[in-house]
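**Q** Sequence:
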Amino acid sequence: MIRGIGAERTVKVSELYRGPYTTDLKPNELITEVRIPLSGSRGVYEFFRRGGASFPSAIIAVAYQERDGVITDSRIAIGAVYPEPVLVSGHLNGLGIKEVRAKVSDIVNSIFSSIDAKPLEDTHAPGDYKVKVARNLLTKALTEIASGSVQYIKAPVKDELIKWEFRDSVEYVGDLIRVRVNVNGQWIEDLVEPRLLLLDFLRRHGFREVRRGCDEGKCGACTVLVDGRAVKSCMVPVVRVSGHSVTTIRGLSKGMELHPIQRAFLEEYAMQCGYCTHGFMMVTHDYLTNIDPTANDDILKLSIKNICRCTGYINIIKPLRRPPNTYNLNNRINNTKQKVLIDYEKYLRVMNNGHKHLHSKYHQ
348 MIRGIGAERT
358 VKVSELYRGP
368 YTTDLKPNEL
378 ITEVRIPLSG
388 SRGVYEFFRR
398 GGASFPSAII
408 AVAYQERDGV
418 ITDSRIAIGA
428 VYPEPVLVSG
438 HLNGLGIKEV
448 RAKVSDIVNS
458 IFSSIDAKPL
468 EDTHAPGDYK
478 VKVARNLLTK
488 ALTEIASGSV
498 QYIKAPVKDE
508 LIKWEFRDSV
518 EYVGDLIRVR
528 VNVNGQWIED
538 LVEPRLLLLD
548 FLRRHGFREV
558 RRGCDEGKCG
568 ACTVLVDGRA
578 VKSCMVPVVR
588 VSGHSVTTIR
598 GLSKGMELHP
608 IQRAFLEEYA
618 MQCGYCTHGF
628 MMVTHDYLTN
638 IDPTANDDIL
648 KLSIKNICRC
658 TGYINIIKPL
668 RRPPNTYNLN
678 NRINNTKQKV
688 LIDYEKYLRV
698 MNNGHKHLHS
708 KYHQ
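The sequence shown begins at 348 in our numbering and counts up one residue at a time.
These are calculated hints, taken from the structure and not from any lab test. What you are looking at is a predicted structure, and each value in this text was computed from that prediction instead of being measured. Do not take every clue at face value.
What the hints assert, rightly or not - Listed next, the in silico SDA-like pairs over lysine to any residue satisfying Cα-Cα at most 20 Å (straight line):
(1) Lys479 x Phe402
(2) Lys450 x Ser436
(3) Lys373 x Leu363
(4) Lys359 x Asp371
(5) Lys373 x Gly351
(6) Lys601 x Val573
(7) Lys652 x Arg559
(8) Lys445 x Ser388
(9) Lys465 x Lys445
(10) Lys565 x Arg576
(11) Lys359 x Ala424
Stated by the list, open to error - Ranges between beta-carbon positions, derived for each pair:
(12) Gly521 x Tyr392: 18 to 28 Å
(13) Asp522 x Thr470: 39 to 49 Å
(14) Ser650 x Lys487: 18 to 28 Å
(15) Asp453 x Lys373: 19 to 29 Å
Beta carbons: idealized from backbone N, C-alpha and C, even for Gly.
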């Protein structure tokens, strides 16, 4: 759903995206709602990220429906390889699940030979390499489908939309606006420019654990909780959260007692430089608390999409795999005060000092 001044329209996702950083949005329009029908499809999702790249070099997604062992509907999507995503519909229709294995090579050759576009080139992978990787990923996905082991896609379902209302009236003092924000249980009042971001407001008031990363809402390093929900603070004016509660990583712990998510990240060494760790913890807290407490490994890996530029994803995934009940806010881990203090000091050293040599300008 897209809304503009006095107008509203519905656009398919396939028609919205026009190219890198280019959409069908007009200057006065915003996306207000995304609707994803629950189709009961099964699917396979594969991607490849090379080296320290923030984004994959190739993405393959195959979704299909079957009845009595025969595929009745199918869609194959190829992303990050060509200037625009490629969608192939119906290519597997009519094939038996067991027939796919014998025809994998023909299917892959047929799809890629029909694409009339030049592959993208970037610093991490040349175009021909991207195509080769994408072909291998599609081969892997089709082979998995032919094995008959693909399960129905498990997706969390929200009962209602998140409602985020203005709580404080807008009070102008000259060219500035008065805001009141509850940060980790403490009310902070200030006069700010209307354009001041929540990220800059928090750092201005000493909450330097909230990191500035991409300034585009992509990396998630600046993620905080607003009324318990994960929000990228580089994308939200502080005026928008006036009257609301904001929680940073400091607010998760109770004194010297770490929150289970903090302890899990420490025990699994789920960090390298520590710059992105704050954002990962906050979005993990939101997902396991509010969206899908029983999420399995695959859902977590695909749903928590913050970026770690040190490529430390393997250890980051480990704490996410812990049993959901270990993250219960009331299920604190009983250890000695001395052990907790040691862990807490170690955590603060990593979070506050670990990245100054690379990101000194963000600590000014």
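**Q** What hints, given by number in increasing order, does this structure fail?
**A** 9, 12 and 15
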